Amino acid sequence: MSGSQGLGRIGEETALRYLERKGYACLGRNVRVGKDELDLVMRDGMTTVFVEVKLRRPGVSGAEAVNRAKRRRICRAAVVYMMNTGGVDRPARFDVVELAFDGVQMYVHHIPDAFPLERGKTFV
Amino acid sequence: MLATVASFGRIGIEGYPMRVEVDVRDGMPQMDVVGLPDAAVRESRERVRTAMKNSGFRFPTASITINLAPADIKKEGPWYDLPMALGILAASGVLPLQALEGVMALGALSLDGTVGAVTGALPMLIKARERKVRRALLPAQNARECASLSGIELLPIETLGQAAAYLAGRGGLQPLIPTPYCAENADVPPEVDMARIRGQLSARRALEIAAAGGHNLLLIGTAGSGKTMLARCLPGILPHMTEREALETTVIHSVTDGFSGGLMQQRPFSAPHHTTSAAALIGGGRYAMPGEISKAHNGVLFLDELPEFPRPVLEALRQPMEDGEVTVSRVNARCVYPARFQLVCAMNPCPCGNYGSRTRRCRCSPHEVQRYLSRISGPLLDRIDMVVEMDAVPPEEVFAPGAPAESSALVRARVEKARAVQSERYEQMGFSCNARLPAGRLEQLCGATESARALLMQCMKSMGLSMRAYTRVLRVARTIADLAGSERVEEEHIAEAASYRGSNEKYWK
Numbered sequence: 001m002s003g004s005q006g007l008g009r010i011g012e013e014t015a016l017r018y019l020e021r022k023g024y025a026c027l028g029r030n031v032r033v034g035k036d037e038l039d040l041v042m043r044d045g046m047t048t049v050f051v052e053v054k055l056r057r058p059g060v061s062g063a064e065a066v067n068r069a070k071r072r073r074i075c076r077a078a079v080v081y082m083m084n085t086g087g088v089d090r091p092a093r094f095d096v097v098e099l100a101f102d103g104v105q106m107y108v109h110h111i112p113d114a115f116p117l118e119r120g121k122t123f124v
Numbered sequence: 125m126l127a128t129v130a131s132f133g134r135i136g137i138e139g140y141p142m143r144v145e146v147d148v149r150d151g152m153p154q155m156d157v158v159g160l161p162d163a164a165v166r167e168s169r170e171r172v173r174t175a176m177k178n179s180g181f182r183f184p185t186a187s188i189t190i191n192l193a194p195a196d197i198k199k200e201g202p203w204y205d206l207p208m209a210l211g212i213l214a215a216s217g218v219l220p221l222q223a224l225e226g227v228m229a230l231g232a233l234s235l236d237g238t239v240g241a242v243t244g245a246l247p248m249l250i251k252a253r254e255r256k257v258r259r260a261l262l263p264a265q266n267a268r269e270c271a272s273l274s275g276i277e278l279l280p281i282e283t284l285g286q287a288a289a290y291l292a293g294r295g296g297l298q299p300l301i302p303t304p305y306c307a308e309n310a311d312v313p314p315e316v317d318m319a320r321i322r323g324q325l326s327a328r329r330a331l332e333i334a335a336a337g338g339h340n341l342l343l344i345g346t347a348g349s350g351k352t353m354l355a356r357c358l359p360g361i362l363p364h365m366t367e368r369e370a371l372e373t374t375v376i377h378s379v380t381d382g383f384s385g386g387l388m389q390q391r392p393f394s395a396p397h398h399t400t401s402a403a404a405l406i407g408g409g410r411y412a413m414p415g416e417i418s419k420a421h422n423g424v425l426f427l428d429e430l431p432e433f434p435r436p437v438l439e440a441l442r443q444p445m446e447d448g449e450v451t452v453s454r455v456n457a458r459c460v461y462p463a464r465f466q467l468v469c470a471m472n473p474c475p476c477g478n479y480g481s482r483t484r485r486c487r488c489s490p491h492e493v494q495r496y497l498s499r500i501s502g503p504l505l506d507r508i509d510m511v512v513e514m515d516a517v518p519p520e521e522v523f524a525p526g527a528p529a530e531s532s533a534l535v536r537a538r539v540e541k542a543r544a545v546q547s548e549r550y551e552q553m554g555f556s557c558n559a560r561l562p563a564g565r566l567e568q569l570c571g572a573t574e575s576a577r578a579l580l581m582q583c584m585k586s587m588g589l590s591m592r593a594y595t596r597v598l599r600v601a602r603t604i605a606d607l608a609g610s611e612r613v614e615e616e617h618i619a620e621a622a623s624y625r626g627s628n629e630k631y632w633k
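The listed protein sequences correspond, in order, to chains L and C.
If you count the first sequence from 1, position 116 lands on 116 in this note's numbering, and the numbers rise without skipping.
If you count the second sequence from 1, position 58 lands on 182 in this note's numbering, and the numbers rise without skipping.
Heads up, a few of these hints could be off.
As the list claims (entries may be wrong) - Cβ-to-Cβ under 10 Å is the rule here; a few derived chain C residues that face chain L:
id, residue
1, D150
2, G151
3, M152
4, Q154
5, M155
6, R171
7, R173
8, T185
9, S187
Unchecked claim - Here are the computed lysine-lysine pairs in the DSSO-like style, where the Cα-Cα straight-line distance is at most 27 Å:
id, chain 1, residue 1, chain 2, residue 2
10, L, K70, L, K22
11, L, K70, C, K177
12, L, K70, L, K35
13, C, K585, C, K633
14, L, K22, C, K177
15, C, K256, C, K198
These are computed hints drawn from the structure, not numbers from a lab.
Keep in mind it's a predicted model, so treat the numbers as computed, not measured.
Even for Gly, the Cβ is constructed at its ideal location relative to N, Cα and C.
Looking at chain L on its own, in the form it has when it is part of the complex (with noise of 0.2 Å):
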């Protein structure tokens, strides 16, 4: 267990060093939102790209492990943190990074605007 949340802290790492090399700015890292947490909070430009780090085990996609009810759980966490900091009216994304780890070596594979605001029946 414990391995595999280093392995996972190391993706973030990776996740958050790939996306500053592209020009994004890193707008907080881990947010905690009630009982939510935000993996990345980014910066593209005029955007606020929020991110869901992935890390791929053997067989299954990262991307897929993005559910429904995972996408909720960020929308809901994206609007509080949207509101908190000036509004909803700002440019706004979310975005999936997937990671896979052989052994040796981290690939990177980045989702841009991998889905829309997910809405339940928690909040407008």
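We have chain L already, so just place chain C on it with the hints.
Chain C only, in chain L's frame:
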């Protein structure tokens, strides 16, 4: 930014103008569709997003709100995909906003950006033309159906990319050249030609009279005597449709059957099975769709095995037969559909099918026969002008050498002539054939001679005809006179007309 794309919806067979308003603004990436969309419209979100991406456009990462106005009418179907996509492109600055002026768009999108057909495009475009819309982008699959419309520039499109390129001013679309309706083009061979019918001279004659005057016809005959085949000959000898009739009929079929190939050329022949429900016959369903009687508008409604139809279904026919239209009311819609059809029915004379046959013996008791016949109500029988008995053709007649019987084309020529006489006589009176001649003006318009009148009186007495039956006989006599080219109704016309009443008396008295 806000963009508005003109489009059209429809309730029943009536189109109505609507606007697809698209607002794209900064915010959480989402797409909302409001304006009473049904499930198919709500699913547009996923189709539009994917189709745009697969057509090489960037789907804006922004908060998109789409309103289908007027917002108080329920929107159904996937036909607003295309206007939504074009609106998103314009509102996100890919297309100039003024490109959408004077243009309407209709079309479903598939995931690869191909534009799919619309159900009921014709009534929507007719309305668009009325509303002076100059250009219409419509799915290429609907092009033939709407090709007869002039006064509106129709641009058939295959893909979203094509539509966007055209609106961006890069051309690439050829407007459809209107092909006006022409009755003479409509000479398609009939489904069943009358040349194939052996013998049955009196039934052939009756069919011709029914066609010439638009009379309702009931064929009673033993099993296998050719009732169904004869009835199927009727559309082939009915006069060609006028452009207006063709348009009316195609509009209904456009709504019920989806896109079609051009204006209908043959008069429709609708033959619902006897298990058909009243709602399917008259019209109904969630959106009050037209039923079989409206699909038979300007054509033939054929009810085979008439006594097998449930009584309530048959009784439901009575009002539309009188009025030539039917009002269908449901929760979501209330629609009036035209239903001016010619009713042709076929039935066996008894449960075993042999009653009255010259060659076969009937196995039914008189009571059984009577019960079978009484399934047809008096009021319905009253609305049938002609009853014709048919018996199986004897084998020596079937295999007799000699010239084949007259073809449908020859019979149709006579029918057309008789109809021309009628429409000239009834010009500006709101009806065009003898069957529609109102009882109040019958005496004045039918022009019976004194001796013909005297004979009719005599028939009424000896056959015990009711007043309604009297008007029926007179109408049929008028048609017979028209076929004979006679200006007045003579004795012989009355005599023949009364003979089509005879079997009526035989079975139901």
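Status of each hint after checking the structure:
1. D150: holds, 4 Å
2. G151: Holds: closest Cβ of chain L sits about 5 Å from G151(C), inside 10 Å.
3. M152: For M152(C), the interface hint holds, since the closest Cβ of chain L sits about 4 Å away, which is under 10 Å.
4. Q154: It holds, given that the least Cβ distance between Q154(C) and chain L is near 4 Å, below 10 Å.
5. M155: holds, 7 Å
6. R171: With a minimum Cβ separation of about 14 Å from chain L (threshold 10 Å), the hint on R171(C) is violated.
7. R173: Nearest chain L Cβ about 8 Å off; hint holds.
8. T185: T185(C) check passes; min Cβ-Cβ to chain L is 5 Å, inside 10 Å.
9. S187: holds, 8 Å
10. K70(L) / K22(L): holds, 26 Å
11. K70(L) / K177(C): Since the Cα atoms of K70(L) and K177(C) sit roughly 25 Å apart, the hinted pair holds (cutoff 27 Å).
12. K70(L) / K35(L): holds, 13 Å
13. K585(C) / K633(C): Distance ~15 Å between K585(C) and K633(C) Cα, so the pair holds.
14. K22(L) / K177(C): holds, 23 Å
15. K256(C) / K198(C): Between K256(C) and K198(C) the Cα gap is close to 24 Å, so the pair holds against 27 Å.
Figure legend: structure checked against the earlier numbered hints; the only hint not met is number 6.
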